[in-house]
Each structure stands twice: as C-alpha cells, then as structure tokens.
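Asker: Sequence:
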Amino acid sequence: MKVCFFPHYSKTYQNGATLSLLNIANELVEKGIEVIIIQPNKNLIYPIDNEKIKCISVPAYSMRAPVNYHGLISSFKGMIKTLYNWYSMKKVLSILKKEKPDIIHINGLDSGIGAQVALKLDIPFVWHIRQLLAEDLGMRVRNEKHIYKLLQKADSVIAISDTVKSKFETLLNKDLKLIPNGIPLENYKIEENVRFSNQVVNLLLAGRIIRQKGQFDAVKAIDHLVKTGVKNIHLTIAGNSEDIEYVEKIKKYIYNQGLHDYIEIIEHVDNLKKIREKCDIGLVCSKKEAFGRVTIETMVSRMLVIGANTGGTIEIIEDNVTGLLYQEGDYLSLARKIKFAIENKQDMASIIEKGYETALENYSISSVVNQIVELYHTIQNGKL
Numbered sequence: 001m002k003v004c005f006f007p008h009y010s011k012t013y014q015n016g017a018t019l020s021l022l023n024i025a026n027e028l029v030e031k032g033i034e035v036i037i038i039q040p041n042k043n044l045i046y047p048i049d050n051e052k053i054k055c056i057s058v059p060a061y062s063m064r065a066p067v068n069y070h071g072l073i074s075s076f077k078g079m080i081k082t083l084y085n086w087y088s089m090k091k092v093l094s095i096l097k098k099e100k101p102d103i104i105h106i107n108g109l110d111s112g113i114g115a116q117v118a119l120k121l122d123i124p125f126v127w128h129i130r131q132l133l134a135e136d137l138g139m140r141v142r143n144e145k146h147i148y149k150l151l152q153k154a155d156s157v158i159a160i161s162d163t164v165k166s167k168f169e170t171l172l173n174k175d176l177k178l179i180p181n182g183i184p185l186e187n188y189k190i191e192e193n194v195r196f197s198n199q200v201v202n203l204l205l206a207g208r209i210i211r212q213k214g215q216f217d218a219v220k221a222i223d224h225l226v227k228t229g230v231k232n233i234h235l236t237i238a239g240n241s242e243d244i245e246y247v248e249k250i251k252k253y254i255y256n257q258g259l260h261d262y263i264e265i266i267e268h269v270d271n272l273k274k275i276r277e278k279c280d281i282g283l284v285c286s287k288k289e290a291f292g293r294v295t296i297e298t299m300v301s302r303m304l305v306i307g308a309n310t311g312g313t314i315e316i317i318e319d320n321v322t323g324l325l326y327q328e329g330d331y332l333s334l335a336r337k338i339k340f341a342i343e344n345k346q347d348m349a350s351i352i353e354k355g356y357e358t359a360l361e362n363y364s365i366s367s368v369v370n371q372i373v374e375l376y377h378t379i380q381n382g383k384l
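Letter 358 of the sequence shown, counting from 1, is numbered 358 in the UniProt record's numbering, and no numbers are missing.
Mixed in with the good hints there might be a few duds.
Said to hold, decoys possible - Label-pair distances were calculated between CB atoms; the ranges are: (1) D319 - L93: 45 to 53 Å; (2) E353 - G329: 24 to 32 Å; (3) E277 - S166: 32 to 40 Å; (4) V269 - S350: 25 to 33 Å; (5) S350 - E267: 30 to 38 Å; (6) D347 - N173: 44 to 52 Å.
Said to hold, decoys possible - Calculated lysine-lysine pairs in the DSS-like style (CA-CA distance at most 27 Å, straight line): (7) K120 - K42; (8) K52 - K77; (9) K287 - K145; (10) K100 - K2; (11) K77 - K98; (12) K98 - K145; (13) K227 - K11; (14) K149 - K220; (15) K145 - K220; (16) K81 - K52; (17) K54 - K90.
Please keep in mind that the hints were generated in silico from the structure rather than gathered at the bench. Ideal placement from N, C-alpha and C gives every residue a C-beta, glycine not left out.
Between the sequences and the hints, there should be enough to build the whole structure, so can you do that?
Answerer: This is the structure:
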C-alpha cells in the first residue's frame, strides 16, 4: 500500500498537527507501507530520519486567515492565493499520476488541494480534522463552503476528539470517525524523577504563544500566588512566539509586576524534554483545545497536569484522578488549583501515576496507526 499525505501549511513542524502526522508516517513505514508527503512550505524541513518516507515539495499557500480578517484586501489576497494553489494542484496532479498512491490522507483544514487531486485521479481520500480553527486558533478557512463540499466527498473524515467530532458532524451533516491522537511514548517518558521533591515548585506551559493558549492567565495566576505569600514557585513559558503583540503584553506585565524571578519565557525550544525533567506541573490553559497533545506528553512525562475545563482537555483529564481541572479563563481558579497541588504533594503523586498509566494505555501512536490502517483497508475493500 502507498499513502500520500497532504499536511496543512505551517511555518514550523513543532505544532501538534504536524508532529502527529510525522509520528503516523514513521509508524506506517515500520508496517511496510510506502509514504509520500507533499510539502506546501518549501522552507520547512521535516525532521525525518527514515529514508522510506518520500518528501516532495510543492509550494502552496495556506488558505487560513484570522477570523476577524475580512474586507477587500483580504478578498484580493484570497483570490491570488487560490489562483496560485490551482497551479500547485496541477503540479501535484502530474506527480501523483506517476506515484499512483492507493490512499490520500489530508492532515488538517487548509487549502483542499489533496481532495481536488484525489477526486480528479479517483483515489480514495481520508481527511483528518485536527483543529476547531476559530475556537482554538482564532482562524478560519477563506473558502469555507468549497472546503466543506470537498469534506463531504471524503471516503472518511477522522476527528481527533469528541469536541471536534461534534462540531463538524453538525456542519457537514456527515458521520465522522473518532480516532484520538497518539504519541511515540518512549520519546516522552521520564523515569526515576520524583516530582515535588525540591523546595521550589516548577511549572511549565508549553505551546505556541498565542491568545488561544491562555499564557496570560497563567502569568496572572502566578502573580496572585506570589502576592499572597506563595513564593516557592517558578513558571516557564516555552513555545514559538506567533502573536508578537500578545507576547509583548505578557512581557510588559511580568516587568511591571516584578515577576522576573518567578516567570521566564523561552521562545525557541529545541529540547522540551530537558525542561520537563526539571518541572513538577504542566499547565494547559487553552481557551478550547481540539484535543491536547501537550496534555498527553505531560502525563507521559510523569508531571501533574492542571488544565482548563473545556474542549478536548476534559476528554483526557479526569479531575482529581488523572489531573486537575480549573475554570477556563479564571486565573484565580487556576491559582487555587496550583496552591492545592503544592499543599497536597503526596496526593499529587498518585494522580501523576494514574495520569501516566492512563496515557500509556490509551494514547500510544501504535494503537492510533493500527486504527488508521484498518480504516484504509475498509475503504479499499469498499465497506464504507
């Protein structure tokens, strides 16, 4: 079997959707399946060591735009990008006529080039929805009606959570298949590390620094704790700065409140595992996660997860069992949960262990890929 992946356009491979695609691709080749990846960003190099994965660069524009980005200029840009992507589609069409993939797998909501090619070549295609877009990224697709029509023609549409499934089943009037994300567990395991063993409790909030990830809520929670006498804490915010205005707002707040001893921002992260080795608590402050890959990574790293009670996060965290939940958008609620964890360190140890066991049991990449391969075979056998 040969599978051709179409990733969404991205400036970095470190986002959850792209990492998940690369994890799936690596697992597929281990099962003897040929993999091609059509890369829309010619400047992005995927960290692929496996020579069996064939990457082909065909530059194309992302068709995503901020939800509040409208008007004549936006429309004109959309027209130019659509025209450019039409030529890109023609190039991909020529490539795949020679490659002859058995399945096309589209990763994320973006341009729809993969679906257009699949329909023209009469190749079955799967569409993997990994984002809510507006709710988690503050984005929309420019040509929404066109994309939704293509989605309705997919042989199968995969949702990574019940949150995603519920939204898009309603929009598409189509049944979606639920396959949660998985990760290569061994890459994230941290053994023989006793959490809450140091005087200072270290917290980590990992992920792109954008408003939808809620870093400012975490900063205000730390500020409140410090000012109410809880000073044995340190927060690391680690991730690419994609919203410069938001990052500057956070930095200004830290400076004005004198929090430099309690909060640091690392904008370029090469090795998140090294940071996690030193941390006790992982925060997930997103307004609404489509799934929450970082939540799983944190559990497997044997850290306590404190997450906002929305979206995919509440599908992963069982409050006071596998992690702690707080009221999304309420920094005082978050501060209370952090203080509770600090004051009940022994109880947190059992929650950390239960979270670790749950993640190992339910979110391995091998289990996810087995479900995807089964779906491929079902499509090929015409049983859908």
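Asker: Against this structure, judge whether each hint is valid.
Answerer: Right, here's what the structure says about each hint:
{"no.": "1", "hint": "D319 - L93: 45 to 53 Å", "result": "holds, 50 Å"}
{"no.": "2", "hint": "E353 - G329: 24 to 32 Å", "result": "holds, 30 Å"}
{"no.": "3", "hint": "E277 - S166: 32 to 40 Å", "result": "holds, 37 Å"}
{"no.": "4", "hint": "V269 - S350: 25 to 33 Å", "result": "holds, 30 Å"}
{"no.": "5", "hint": "S350 - E267: 30 to 38 Å", "result": "holds, 35 Å"}
{"no.": "6", "hint": "D347 - N173: 44 to 52 Å", "result": "holds, 46 Å"}
{"no.": "7", "hint": "K120 - K42", "result": "holds, 24 Å"}
{"no.": "8", "hint": "K52 - K77", "result": "violated, 37 Å"}
{"no.": "9", "hint": "K287 - K145", "result": "holds, 26 Å"}
{"no.": "10", "hint": "K100 - K2", "result": "holds, 8 Å"}
{"no.": "11", "hint": "K77 - K98", "result": "violated, 32 Å"}
{"no.": "12", "hint": "K98 - K145", "result": "violated, 31 Å"}
{"no.": "13", "hint": "K227 - K11", "result": "violated, 39 Å"}
{"no.": "14", "hint": "K149 - K220", "result": "violated, 43 Å"}
{"no.": "15", "hint": "K145 - K220", "result": "violated, 40 Å"}
{"no.": "16", "hint": "K81 - K52", "result": "violated, 32 Å"}
{"no.": "17", "hint": "K54 - K90", "result": "holds, 19 Å"}
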